[in-house]
Amino acid sequence: MMQDYLTIALSKGTLLKPTLKLLEEAGMPVEGVTEDSRAMVFNFEEEKIRYIMCRPTDVPTYVEQGAADLGIVGKDVIVEQGKDVYELLDLGYGYCRFVVAVPREKDKVNLRELNYKRAATKFPVVAENFFRSQGLQVEIIKLHGNVELAPIMGIADMIVDIVSTGRTLRENNLVELVKIMDSTTRLICNRVSYRTKYDQIRPLLESFAKIIEKGGNK
Amino acid sequence: MKNKKIPKGLRDLLPEEVRKKRIIEARLISLFASYGYKEVITPTFEYLEVIEAGTGNIREELFLFLDREGGILSLRPEMTVSIARLASIHLAEEKFPQRLCYIANVFRHVQPQLARYREFWQAGIELLGASGVWADVEVISLAVKALKAIGVKDFKVSINQIGIFNSLLEDGSLDYEDRVRIRELIEKKDLVELTRLLESMDIDEGLKETLVKMPVLHGGLEILDQLPYIERNARASAAALDLIEIYEALKLCGVIENIVVDTGVLRGLDYYTGIVFEGYSPDLGYGLLGGGRYDNLLGKFGLDRPATGFAIGIDRLALIVDEPCPTSPVYLVGGRDIGQVMKKCEELRLMGYVVEMDVERRSRNELEEKAGTVPGCQVVYID
Numbered sequence: 001m002m003q004d005y006l007t008i009a010l011s012k013g014t015l016l017k018p019t020l021k022l023l024e025e026a027g028m029p030v031e032g033v034t035e036d037s038r039a040m041v042f043n044f045e046e047e048k049i050r051y052i053m054c055r056p057t058d059v060p061t062y063v064e065q066g067a068a069d070l071g072i073v074g075k076d077v078i079v080e081q082g083k084d085v086y087e088l089l090d091l092g093y094g095y096c097r098f099v100v101a102v103p104r105e106k107d108k109v110n111l112r113e114l115n116y117k118r119a120a121t122k123f124p125v126v127a128e129n130f131f132r133s134q135g136l137q138v139e140i141i142k143l144h145g146n147v148e149l150a151p152i153m154g155i156a157d158m159i160v161d162i163v164s165t166g167r168t169l170r171e172n173n174l175v176e177l178v179k180i181m182d183s184t185t186r187l188i189c190n191r192v193s194y195r196t197k198y199d200q201i202r203p204l205l206e207s208f209a210k211i212i213e214k215g216g217n218k
Numbered sequence: 001m002k003n004k005k006i007p008k009g010l011r012d013l014l015p016e017e018v019r020k021k022r023i024i025e026a027r028l029i030s031l032f033a034s035y036g037y038k039e040v041i042t043p044t045f046e047y048l049e050v051i052e053a054g055t056g057n058i059r060e061e062l063f064l065f066l067d068r069e070g071g072i073l074s075l076r077p078e079m080t081v082s083i084a085r086l087a088s089i090h091l092a093e094e095k096f097p098q099r100l101c102y103i104a105n106v107f108r109h110v111q112p113q114l115a116r117y118r119e120f121w122q123a124g125i126e127l128l129g130a131s132g133v134w135a136d137v138e139v140i141s142l143a144v145k146a147l148k149a150i151g152v153k154d155f156k157v158s159i160n161q162i163g164i165f166n167s168l169l170e171d172g173s174l175d176y177e178d179r180v181r182i183r184e185l186i187e188k189k190d191l192v193e194l195t196r197l198l199e200s201m202d203i204d205e206g207l208k209e210t211l212v213k214m215p216v217l218h219g220g221l222e223i224l225d226q227l228p229y230i231e232r233n234a235r236a237s238a239a240a241l242d243l244i245e246i247y248e249a250l251k252l253c254g255v256i257e258n259i260v261v262d263t264g265v266l267r268g269l270d271y272y273t274g275i276v277f278e279g280y281s282p283d284l285g286y287g288l289l290g291g292g293r294y295d296n297l298l299g300k301f302g303l304d305r306p307a308t309g310f311a312i313g314i315d316r317l318a319l320i321v322d323e324p325c326p327t328s329p330v331y332l333v334g335g336r337d338i339g340q341v342m343k344k345c346e347e348l349r350l351m352g353y354v355v356e357m358d359v360e361r362r363s364r365n366e367l368e369e370k371a372g373t374v375p376g377c378q379v380v381y382i383d
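Those sequence lines, one after another, are chains G and A.
Here the first sequence is numbered in full-length UniProt numbering, starting from 1 and rising by one per residue.
Here the second sequence is numbered in full-length UniProt numbering, starting from 1 and rising by one per residue.
Among the clues, some could well be false.
[To be verified] Straight-line distance between alpha carbons at most 20 Å, and here's what the computed EDC-like set of lysine to aspartate or glutamate pairs gives:
1) Lys214(G) to Asp90(G)
2) Lys197(G) to Glu60(A)
3) Lys208(A) to Asp58(G)
4) Lys83(G) to Asp358(A)
5) Lys188(A) to Asp199(G)
6) Lys83(G) to Glu138(A)
7) Lys210(G) to Glu187(A)
8) Lys213(A) to Asp199(G)
[Claimed, not checked] Label pairs and their computed distance ranges (CB to CB):
9) Met40(G) to Glu205(A): 23 to 31 Å
10) Lys8(A) to Gly135(G): 52 to 60 Å
11) Gly376(A) to Glu31(G): 49 to 57 Å
12) Glu368(A) to Met40(G): 49 to 57 Å
13) Glu24(G) to Gly219(A): 29 to 37 Å
14) Tyr176(A) to Lys179(G): 51 to 59 Å
15) Glu60(A) to Met40(G): 31 to 39 Å
16) Asp304(A) to Asn110(G): 53 to 61 Å
17) Ile23(A) to Gly135(G): 37 to 45 Å
18) Arg170(G) to Glu60(A): 36 to 44 Å
19) Gly219(A) to Ser133(G): 52 to 60 Å
20) Glu170(A) to Lys179(G): 28 to 36 Å
21) Arg235(A) to Asn115(G): 58 to 66 Å
No wet-lab data here; the hints were simulated from the structure.
By construction, the Cβ of each residue, glycine as well, lies at the ideal position given by its N, Cα and C atoms.
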């Protein structure tokens, strides 16, 4: 029976390393947990902990449906998907920000002048909500990657994307026009698990909070 | 006609699923009946004004269409509003309290996934015209008994009093925009942003601490000690006192093992005014039942009476309970003369057996062969 296990969905990719470091610091078992292995599920019988290795965009789904009790994933993914989960803690690492970026030659443009223009993005919900909140009508073009290509190829006038250092923007001759919001890694929780497995979740929450307060794990 | 599409989020129920659903429904209705709740049926759709009078603005979740006179209609998204409307028309002259129950399909335009469909089934009760702790205790006990009757294991019913949160939010030190923002963040369960917002506000530290903790506290009555600001707000204290009284009464009613006090339970719909509760099982990541007190809803339809009730999600129960299929013997009756075959069938049916007549007019050997493939199937052949 898996019911007595606490299942945590981990994001593959850049968040994994700092996530494993945080888990280890909090006294959780992490030996052999890696995205390079073929295993996608890691059970620690003694501690009754199970990790599942997911694409970041799938983490909220596993948590909302209760397949995982907890998940560790970026705010960018959470805000785009709007799933019904508890967002419990800001883990601090994995900083990035949502921005509207335009080709360099248009860096003097005013946001208002982008009304009725086209924006390419992997985050159509965030983009739509932002432009609407500004009273603007912008056509959203949903792409799955390499969004920077869209203005170069002329299918969009601007992009909405997440950036951390801004290097990719510079390399593609784009400049940040407006920041929409900041994003860091969050701990999310299924709404039923939060109630039925609270005794297992609470100690974890407390040790995470302590580590973050100490300013560790940046 | 080769088009096999069905609208998104809807399902066919096959015999085995229907069998389970009917067992669950029968148990619930007979339990409700034993408490004096009488079953009613209301129309599948209502005027939008009626739905919105109760639920507030949930238009994004409604299936809307027009009638030929230009009225806007909505498939019912839940049953409580319809029952309130029914009561205001048909029960105004009756003696209260009135106890009503229902089994109904309801419709919401949600993103479909496991345990969340656009048409789903609810069973529920409404106790109309009764205020006070005893009425709430009856309804909450009945919710516990219902989950027990279905065989749900290790479930909890979390209770809260919505008046605590609402009164604190209306506390003089918060302006309108802050209230809207706090409510929004709590409904989105974004505790990170909530903490930040409260930290940035220039309000009483005790109120901040109380609002931050409320969404996540659960346990026994002792959790109220961690919400110090409640005592400083008269209406919040009164609501907390109501919660305490109900909890103490539930102790005396033998259902307390399944009860948790949970100040995070707020319920989405606008009409709740007092105690609210939700049922959970560790086997499913979604709630099983929800309900509470709604003292102003009947008044919206001109019948000023308090009320309390709950609804259970039948589809969700079906996902987590087993109802093993009974293997009572089935008879397969065949032969040459339809009159005699039919007579034999009737005899066996009167004895309580399930009997299939061989409509394909097989021989005895063919019939034996067919019966061999069905467990517990016996053949009667009439020459």
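Hints, verified against the model:
1. Lys214(G) to Asp90(G): The given pair, whose Cα atoms are some 13 Å apart, holds under the 20 Å limit.
2. Lys197(G) to Glu60(A): It is violated: about 33 Å lies between the C-alpha atoms, which goes past 20 Å.
3. Lys208(A) to Asp58(G): Measuring from Cα to Cα gives roughly 34 Å; hence the hint is violated.
4. Lys83(G) to Asp358(A): Violated, at about 53 Å.
5. Lys188(A) to Asp199(G): violated (23 Å)
6. Lys83(G) to Glu138(A): violated (34 Å)
7. Lys210(G) to Glu187(A): violated (26 Å)
8. Lys213(A) to Asp199(G): Cα-Cα ~17 Å, so holds.
9. Met40(G) to Glu205(A): 23 to 31 Å: The hint (23 to 31 Å, Cβ to Cβ) is violated, given that Met40(G) and Glu205(A) are roughly 46 Å apart.
10. Lys8(A) to Gly135(G): 52 to 60 Å: Check failed, 32 Å falls outside 52 to 60 Å.
11. Gly376(A) to Glu31(G): 49 to 57 Å: holds (52 Å)
12. Glu368(A) to Met40(G): 49 to 57 Å: Taking Cβ atoms as reference, Glu368(A) and Met40(G) lie about 50 Å apart, which means the hint holds.
13. Glu24(G) to Gly219(A): 29 to 37 Å: For Gly219(A) against Glu24(G), whose Cβ atoms are near 30 Å apart, the range 29 to 37 Å holds.
14. Tyr176(A) to Lys179(G): 51 to 59 Å: violated (27 Å)
15. Glu60(A) to Met40(G): 31 to 39 Å: Roughly 35 Å apart at Cβ, these two residues keep to the hinted range, so it holds.
16. Asp304(A) to Asn110(G): 53 to 61 Å: holds (55 Å)
17. Ile23(A) to Gly135(G): 37 to 45 Å: violated (55 Å)
18. Arg170(G) to Glu60(A): 36 to 44 Å: holds (40 Å)
19. Gly219(A) to Ser133(G): 52 to 60 Å: This hint is violated: roughly 39 Å between Cβ atoms.
20. Glu170(A) to Lys179(G): 28 to 36 Å: Holds: the Cβ-Cβ distance is about 34 Å, inside 28 to 36 Å.
21. Arg235(A) to Asn115(G): 58 to 66 Å: With a Cβ separation near 46 Å, Arg235(A) and Asn115(G) fall outside 58 to 66 Å, so the hint is violated.
Of the numbered hints listed earlier, those contradicted by the structure are 2, 3, 4, 5, 6, 7, 9, 10, 14, 17, 19, 21.
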